[in-house]
Amino acid sequence: MPRLPTPLTLPAGDAREDGQQDHGQDRDRADHAAGAGEREPGRRRRSPLRRGETATAWAFITPAVLIILGLSVIPVAWSVLLSFQASDLVTPSRWVGLDNYRALSQDPNFSQAVRNTLLYTVLYVPLSIGIGLALALVLNRRIRLVGLYRTLIFVPFVVSATAQGVLFSFILDPEFGAANSVLNTLGISPQGFLTDPGQALLVLVAISLWSGTGFCVVVCLAALQDVQPSLIEAARLDGAGRWQLLRHVTLPAMTPVSVFLLVWQTINALQVFDLVYVTTKGGPLGSTTVIVYFIWEQAFKNFTAGYGAAAAYVLAVALGLVTVGLRLVRGREQRRSARPVRLEGAGK
Amino acid sequence: MTVTTAPVATSPATPPVATPPRRRGLARLPLSAWHLLLAPLALVFAVPLVWLVLSSVMSDAEINRFPPALWPSGIDLGGYRYVLGNAMFPRWFANSLIVSVVAVASNLLFGALGGYAFARMRFAGSRLLMGLMLATMAIPFQLTMVPTFLVMKRLGLIDTLGALIVPSLVTPFAVFLLRQFFLSLPRELEEAAWMDGCSRLRVLFLIVLPMSRPALSTVAVLTFLTTWNDLTWPLIAINHDTQYTLQLGLTTFQGQHHTKWAAVMAGNVITVLPVLIAFLVAQKSFIQSITSSGLKG
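Which chain is which? The protein sequence lines are B and H, in order. Each residue of the first sequence is one higher than the one before, counting from 1 in the working numbering. Each residue of the second sequence is one higher than the one before, counting from 1001 in the working numbering.
Just so you know, these hints were derived from the structure itself, not from any lab. For each residue, glycine too, the CB sits at the ideal point set by N, CA and C. Be careful, since some hints might not be right.
[Unchecked claim] Beta-carbon label-pair distances, calculated as ranges: (1) H:Arg1065 to B:Gln106: 43 to 51 Å; (2) H:Ala1033 to B:Ala206: 44 to 52 Å; (3) B:Ala234 to H:Ala1135: 37 to 45 Å; (4) B:Pro108 to H:Arg1065: 39 to 47 Å.
Kindly produce the complete structure, drawing on both the sequences and the hints.
See below:
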């Protein structure tokens, strides 16, 4: 399941959900705002209480609660312990206190992994959102074949990172790949691509853009279609040109969706792993070792699980800061703009 | 932004009826200078996938010469014969299918049960539990992957499909999404059924779920996509090649058969095709699922 930036996508009305029954009517309105429309006042809100209701409820939620909480609370607590231990996952582990964190702060491989991850993120996130938004604006026109264009641009998104990695390892193979063959006919000297320490990370960004831009396009298109036609008509009647329309009506309406994409893409970029594992295994010369690859390598290749757990905690804190930071930005944004934008409402 | 220099006046928000029916009979929508940008761009997105299919039907001789052939001279199914005969691709395909189908079914079932209880039933601790479940969505997988491996090891599931199935049986996302959808449904029908003495379970299955197809298909699509495409967790939980999923099998196969590119690409086609076909068949549902998961959570 895509790990969504939850606190961000939580509907505004949710804070007081399932609230006290005195506020029931109020709450029902918030809950139903998106879907069923208004309800007649004075209607009975509470579901008929029946004997054994609590037992039934628990029977309904037990599988979900057991699996979800069991496989998150236990591992999170366990990995705190692990990060203070030396563990090879097989023999009993040994308590080492803060040694793992201390070693991490001095490990040149870890700082390289952090640098690589940041570089990847700084390149991939703005490019994917920028290109995605621009393409969405073009694809929002009613021109011939627009449906085909949308499909073609989006299709790579459903291709797994593994398949992408295998496909591009082949296309970009320095000896047998089609890319160098095409460059050759254009009179350009063959490139190393994924085998060149200076290029590998950039090539990975390009592959990710190939598959990830379609997601941004689709999300932006959905948001564009939510821009109220009446706003555009009004602006046009006021004599706004195409540029002014874009700058003052369309783009401001896209702010919430852009912030969402920023968080979503950043979280995904900081966690990139599959593509790296399939194409470069962190090489050449560690030029594509990203944080998650570093964690995986420590835990499951070098069997220093405690060290890996400590690195995972560093990443988790970074991810948490991104989410919280951008949520604050979004909160300010929401308060500033009085205009209700449908995307942010008490959605379903 | 280049968009403003557009030589077309069509507004993005113009409703369909407003477009004058030019070139009646051929195509309703107008051509535009944007095609000069869009056509090559769409090609960039499409060419790697076309090349994937083309190279899977090339002969070894065509694929291994320099410069390599860009177009196969004929259809050579040697690659497919190799991966279906000599490698374990059929087995891996079955494994992937089992894991994905079980994950989809159980997410629908447990997600609906949990979501319904959280949406409609009042019981002590429901707010706290829902809050906790939502909070777990913010935990990055990297933090839990090592201990989850240890938990699965204690349960004796490592190296079995069980290790892949158990963690994906139900996700907080499925519970939350379905709960939000159930809250948006009118209660009248359910209440009438209660009056008639229907149990909660019957109400859920006979009345609520038939009205919830959009949300159920969102959960199904996203669960299938993530389980089928996942590499990280199978890589950690599975060692023995009889238990590989397609993604894990494909990358291992590539590592062992560097020179057999046609076979590797044939395996790659087999890995991608189910998702691709599913996408092309149910494109609308896919795109709605993906945007709704992102925007409305």
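Inset, instruction - For alanine 234 of chain B and alanine 1135 of chain H, compare the CB-CB distance with the range 37 to 45 Å and indicate the outcome. - result: Hint holds: Cβ distance 42 Å, inside 37 to 45 Å.
Legend entry - Outcome for the supplied range 39 to 47 Å, where the beta carbon pair is proline 108 of chain B and arginine 1065 of chain H: This hint holds: roughly 42 Å between Cβ atoms.
Inset, instruction - For arginine 1065 of chain H and glutamine 106 of chain B, compare the CB-CB distance with the range 43 to 51 Å and indicate the outcome. - result: 50 Å, holds
Inset, instruction - Look at the Cβ atoms of alanine 1033 of chain H and alanine 206 of chain B and judge whether their distance stays inside 44 to 52 Å. - result: 27 Å, violated
In this structure, only the earlier hint numbered 2 is contradicted, and the remaining ones agree with it.
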